[in-house]
Every structure is written in structure tokens, then in C-alpha cells.
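Residue numbers (the numbering used here), protein chains in the order written: chain A, 1 to 141; chain B, 1 to 407.
In short, the hints are calculated from the structure, not lab data. Beta carbons: idealized from backbone N, C-alpha and C, even for Gly. Errors might be hidden in some of the hints.
[Stated by the list, open to error] When the alpha-carbon atoms are kept at most 27 angstroms apart in a straight line, the in silico BS3-like pairs for lysine-lysine are as follows:
1) Lys58(B) with Lys124(A)
2) Lys42(A) with Lys139(A)
3) Lys318(B) with Lys73(A)
4) Lys73(A) with Lys267(B)
5) Lys73(A) with Lys42(A)
[As the list claims (entries may be wrong)] Label-pair distances were calculated between CB atoms; the ranges are:
6) Glu49(A) with Tyr327(B): 45 to 53 angstroms
7) Ala112(A) with Tyr264(B): 17 to 25 angstroms
8) Val91(B) with Glu49(A): 57 to 65 angstroms
9) Glu49(A) with Asn89(B): 54 to 62 angstroms
10) Thr37(A) with Val189(B): 29 to 37 angstroms
11) Asn72(A) with Arg319(B): 20 to 28 angstroms
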Amino acid sequence: MERRKFIKDTCQLCMAASFIAILNKGCIPAEGVFSSTVENNKMMIPLTELSGKNYLLARSKQLAFDIFIHKNKNDNYTAVLMKCSHRDAPVHYTTGGLVCHEHGSRFDFEGAVTKEPAETPLTKFPVTLNTTHLIINLKNG
Amino acid sequence: MSRYIAVISLFLLFQASYTHGQILTQEDSLNAGLMPKERATVISGYGEAKISYDTQLKTATGNLTRAVLFVGHRFNNSIALFSEIELENAVVGEESSAGELSLEQLFIKFNINKDHYITAGLFLPRIGIINENHLPNTYYGNDRPFTEQLVLPATWRELGVGIYGPINLVTGLNYSAAIVNGLNSAAFVNGTGVREGRYLGSNASFTSLAFTGALLYYTGDFRFQVSGYYGGSAGLAQRQADSLQLDNSTFGTPVGLVEANAKYSGKYFSVTALASYVTIPDAYEINRAYANNTPEAMTGGYVEAAVNVLKFFNAETKRSVNYFARYEIMNLNQIVADNGIVNDANEKNYFVTGIEYKPVSGVVIKCDYVFRTTGEQNPDLIINPFPQAQPYYTDNGFFNIGLGYSF
């Protein structure tokens with residue numbers, strides 16, 4: 001096989017993969033994601049961000065994983081760390097619950113295991129509400 | 001021109017990594033209260049053993065099928081190592097043993113951002129269900145689905161680079177794409193598809209390459225996936241390729257594969273269906289070079305249903321008793337090359353039914369019956385007739401009892 005043809009073929013594939021990744025990240029904003037900061041082990045989410053939604057992903061540069069905030073049927077909020085309890089891979093939101101793609105573990109919106117191999121629930125954080133914010137206490141997770 | 005393309009590709013990949021990467025300082029981590037240190041090591045594993053009774057030969061065998069040790073290490077919040085060492089059949093090195101020690105995975109994962117990541121090294125591409133999700137407590141029966149052993153050669157790991165992430169346009173839709181080394185058509189064995197042609201990370205030829213990609217969609221209790229693979233299988237030097245009259249270009253002497261599967265996982269029931277098709281258009285040339293009776297095409301699929309019986313009595317129980325049944329059909333010589341030899345034994349049907357009990361999450365006890373029917377073996381292909389080899393039965397049943405764990 002010609003060296004030139006080998007380099008050309010492989011680089012074209014790399015280009016295609018890079019293009020897909022950048023297009024996917026750069027052009028399409030992720031919906032339902034709110035970026036915040038962590039101060040004194042607390043994350044503050046304005047209630048306006050939660051208005052009319054039954055879930056929100058809270059993201060911070062200080063955290064390796066997002067936090068999934070869910071409003072249940074009784075209008076109570078829960079917050080769970082989106083880190084699979086099996087092998088620390090990220091879990092993803094789906095309409096049926098949270099899913100880890102690495103080995104197929106599934107969790108309900110409050111972090112309880114609905115499908116193995118994960119054995120333990122997702123890390124859950126206590127939440128409190130004031131007049132303007134939902135406060136996630138990360139220290140007691 | 002090739003140099004420009006290479007430089008641009010590398011630049012884009014690195015730019016993607018560093019623009020969106022999250023590098024935490026120790027102070028940040030402590031503030032977060034979640035990660036007392038950036039570096040962390042995880043150890044876990046899984047394994048399974050079974051006793052199988054052959055109803056035709058009236059013999060039983062016990063085997064420690066596999067034990068796998070997983071070691072992962074996070075170097076920082078963007079880069080982590082994943083490794084799995086697998087021991088199959090308990091013993092390696094003894095003359096009579098069929099044991100095998102191998103690396104099932106060894107890759108480094110680079111997080112581009114919180115959603116997207118790149119894997120580089122020896123990894124399992126997203127093809128079929130079992131290739132990624134093969135822990136014994138995640139599939140029914142003592143044996144992994146036969147279609148995903150013979151048509152899709154799980155666990156199929158190769159060296160390469162892959163990228164994974166969600167497609168933000170549609171909630172629950174994810175993609176994966178990877179470039180890996182190609183297959184070795186010289187090692188194909190009739191009756192096992194392309195399985196023996198995997199390099200598994202051992203001295204793989206990188207003069208032939210393969211591209212694989214998948215779309216995975218979760219909605220409600222459903223999971224849908226389509227995946228494909230296309231790659232070369234003759235990574236030979238030009239002189240060898242000319243001598244054997246094989247195309248040794250990057251994707252020369254190709255193997256193509258398409259697969260689709262769907263799964264419903266409810267509280268009480270689950271249903272799974274999978275269909276796959278493998279094409280080897282240059283099978284004639286491979287047979288001419290290696291005389292290994294490679295087919296031009298193979299097909300296979302299965303449907304499976306399971307019910308969690310305990311849930312009917314106690315909806316909140318953590319334990320489970322699952323009854324399941326699976327039907328599989330495959331043809332490993334769906335299309336035979338002009339110089340190939342038809343073997344009806346490659347047309348196989350499996351009916352598998354059984355029960356499994358999970359006393360606690362992570363441990364499973366399995367009991368099942370496998371009924372296998374095939375066509376007649378082609379007598380021209382029998383090299384060692386009875387009594388040197390066991391007689392071949394077109395109908396055969398196997399009672400299996402086993403256990404598995406994962407943590």
C-alpha cells in the first residue's frame with residue numbers, strides 16, 4: 001500500500017471525527033443546563049431557572065460531574081450527582097431516567113438503581129429553598 | 001496535502017480537548033467537598049462459573065468461565081485510565097488447559113467536556129449489546145447470546161481511537177465513532193465468522209483500518225441502537241499481497257457489518273430484539289489465498305423476553321427472580337463464495353429458557369436449558385471421523401447451572 005494513500009485515508013477519517021465533535025459541541029447549545037459556581041460547599045440555583053421545568057442540570061467548573069435537579073409530583077426538589085455508582089462514569093438524562101452508557105446501569109430521577117450492574121444509588125444532596133434560590137448543600141451528600 | 005490534513009486534524013482534536021477540559025485545582029476540589037483529591041484509583045471486577053450437562057453425550061463439565069479484574073485510575077478530572085485483565089477457563093500454561101489470559105480493555109479516556117470524551121488504546125466499540133454490557137448480572141442465561149458470539153464476535157476489542165457523546169438536538173440520542181485496526185482474514189475460521197480474525201490488541205496490523213460508529217437512543221423504558229463497521233482485513237506487505245492477490249489498501253479486502261437492536265426494560269418485563277448482517281465481498285479472494293472457507297455473508301438475530309416474578313409479590317423488593325426465554329437464528333454461510341463449501345451445520349437455531357435469582361444486587365444464580373438445532377454437517381469437511389472426534393448431533397440440549405458476580 002502506498003504511504004501517501006495510507007496517510008490520506010487515516011487523516012480524512014480523523015478530520016471527519018473532529019468535525020462531528022466540534023459541530024455537535026459548538027453549534028448546538030445543551031438544553032436544560034445551568035452553569036453556576038460552588039461557594040462554601042453550596043450551589044445556588046435561581047428559582048427563575050427552574051420555573052416551568054421538572055428538571056435541570058446544574059454545572060460547575062469546580063465539579064467533575066453535573067448535578068441533576070428534579071421536581072417530583074409533589075413539587076419537591078431532589079439533587080443527585082450524575083456520576084455512576086458502578087465505575088464513576090457520567091450518567092445521562094433520558095425521558096425514562098438516568099442512564100450510564102458504560103455498562104447500561106439505569107437510575108430513576110431520584111438516583112435509585114433501576115437496572116444493574118450499579119449496586120448503590122447515586123450520591124444525593126440535601127436541597128433547601130429560599131425566596132429566590134434553590135440551594136444544594138454539597139457537603140452533606 | 002496529507003501533512004496539512006494531519007496537522008489540522010491533530011490541532012482540532014487538541015483544541016477540542018483543551019478548550020472544554022475542566023482542570024480542577026486541589027483547592028477547588030476541596031471546596032466542592034466531593035473530591036478530596038484529584039487522583040483516585042478504583043478496583044472492581046466480575047466473574048462467572050457454570051456446570052453444563054450435555055444431553056446427547058451424557059457428560060457434564062464444570063468451568064470457571066471467566067474472572068475479570070478492573071483497575072481504573074483518574075489522573076485528573078479530564079484524564080483517566082481503564083483496564084481489565086481477564087482470565088478465562090481458570091488455568092493458563094498447563095498443557096491440557098484451555099485457559100487464556102488477556103487484556104479485555106486498556107485505554108485512556110480524555111474528557112473533552114462533561115458530555116463528550118475520547119478513548120485511546122484497546123477498547124470495546126459500541127457494536128451490539130453484549131460488547132459493552134457483558135457483566136453476568138446484565139444478561140440472561142449462563143451463555144451470552146450466541147448471535148453475539150458468532151456473528152458479532154463479542155467481546156470485540158481492538159486498538160484505536162474513539163469518540164463518544166450525546167447529540168444535543170435530541171434528548172437521549174448518543175453517538176459513538178471510532179477508528180481501529182482492521183481484521184486478519186488469514187485467521188478466519190469457517191463456523192465462527194470473523195471471530196478468530198480479531199487482533200485483540202496483540203501485534204495488530206495497522207496498515208488496514210476500520211471505521212465503526214453507532215447511534216444509541218434512550219426514551220422512556222426503551223433503548224434503540226444501530227451500529228456499523230467497515231474495515232480492511234489484509235494488512236499485508238505489498239509483496240505478500242501481490243503474491244496472494246489480495247487488496248491490501250487501508251480498507252481493502254473489506255468486512256462490513258450492520259446491526260440494530262431494541263430493548264424494553266420495564267419494572268416487570270423486559271423484551272430485547274437484535275438483528276445483524278455481516279458481508280465479506282472478497283470472500284472468494286480470501287479463500288483462494290488461505291483456503292479457510294470464508295463466507296460472503298452471515299446473518300443472525302434473536303428475540304428475548306423476561307419477567308421479574310418477585311415484583312408481582314413485592315414491588316419494592318431489591319431481590320429478583322427472572323424467568324426468561326430467548327430464540328436465536330443464524331446462518332454463518334448465508335452466501336457462500338464460488339470457491340467455498342456449503343456446510344449446513346452453520347445454519348443454527350437456539351432456544352434458551354431458564355430462571356435466575358439475584359439474592360442481592362451484584363450476585364446472580366442462573367439455571368437454564370439450551371436447545372440447539374442445526375443442519376447436517378457436510379461430510380466432506382469432517383477431517384477426524386468418529387471415534388477420533390465426537391459424533392455431531394444436529395439436535396442437542398444442555399442443562400446449565402451457574403453463578404456470576406459483579407462489583
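Original post:
Is Lys318(B) within 27 angstroms of Lys73(A), Cα to Cα?
Top reply: holds (24 angstroms)
Original post:
Would the pair Lys42(A) and Lys139(A) pass a check requiring their Cα atoms to be no farther apart than 27 angstroms?
Top reply: Holds: Lys42(A) and Lys139(A) sit about 8 angstroms apart, inside 27 angstroms.
Original post:
Is it true that the C-beta distance of Asn72(A) to Arg319(B) lies inside 20 to 28 angstroms, as the hint says?
Top reply: Hint holds: Cβ distance 26 angstroms, inside 20 to 28 angstroms.
Original post:
Taking the beta carbons of Ala112(A) and Tyr264(B), is their distance inside 17 to 25 angstroms?
Top reply: holds (20 angstroms)
**OP:** For Glu49(A) and Asn89(B), compare the CB-CB distance with the range 54 to 62 angstroms and indicate the outcome.
**Re:** 55 angstroms Cβ-Cβ, so the 54 to 62 angstroms window holds.
Original post:
Between Lys73(A) and Lys42(A), is the straight-line Cα distance small enough, at 27 angstroms or below?
Top reply: holds (25 angstroms)
Original post:
Does the structure keep Lys58(B) and Lys124(A) at a Cα separation of 27 angstroms or less?
Top reply: violated (53 angstroms)
Subject >> Satisfaction of the hinted span 45 to 53 angstroms by the C-beta atoms belonging to Glu49(A) and Tyr327(B) >> reply: holds (49 angstroms)
**OP:** Given the hint of 57 to 65 angstroms, check if Val91(B) and Glu49(A) actually sit that far apart at their C-beta atoms.
**Re:** Taking Cβ atoms as reference, Val91(B) and Glu49(A) lie about 59 angstroms apart, which means the hint holds.
Original post:
Taking only the CA atoms, is the gap from Lys73(A) to Lys267(B) under or equal to 27 angstroms?
Top reply: Cα-Cα ~19 angstroms, so holds.
Subject >> Assessment of proposed distance window 29 to 37 angstroms (beta carbons of Thr37(A), Val189(B)) >> reply: violated (58 angstroms)
Checked against the numbered hints above, the structure violates hints 1 and 10; every other hint is satisfied.
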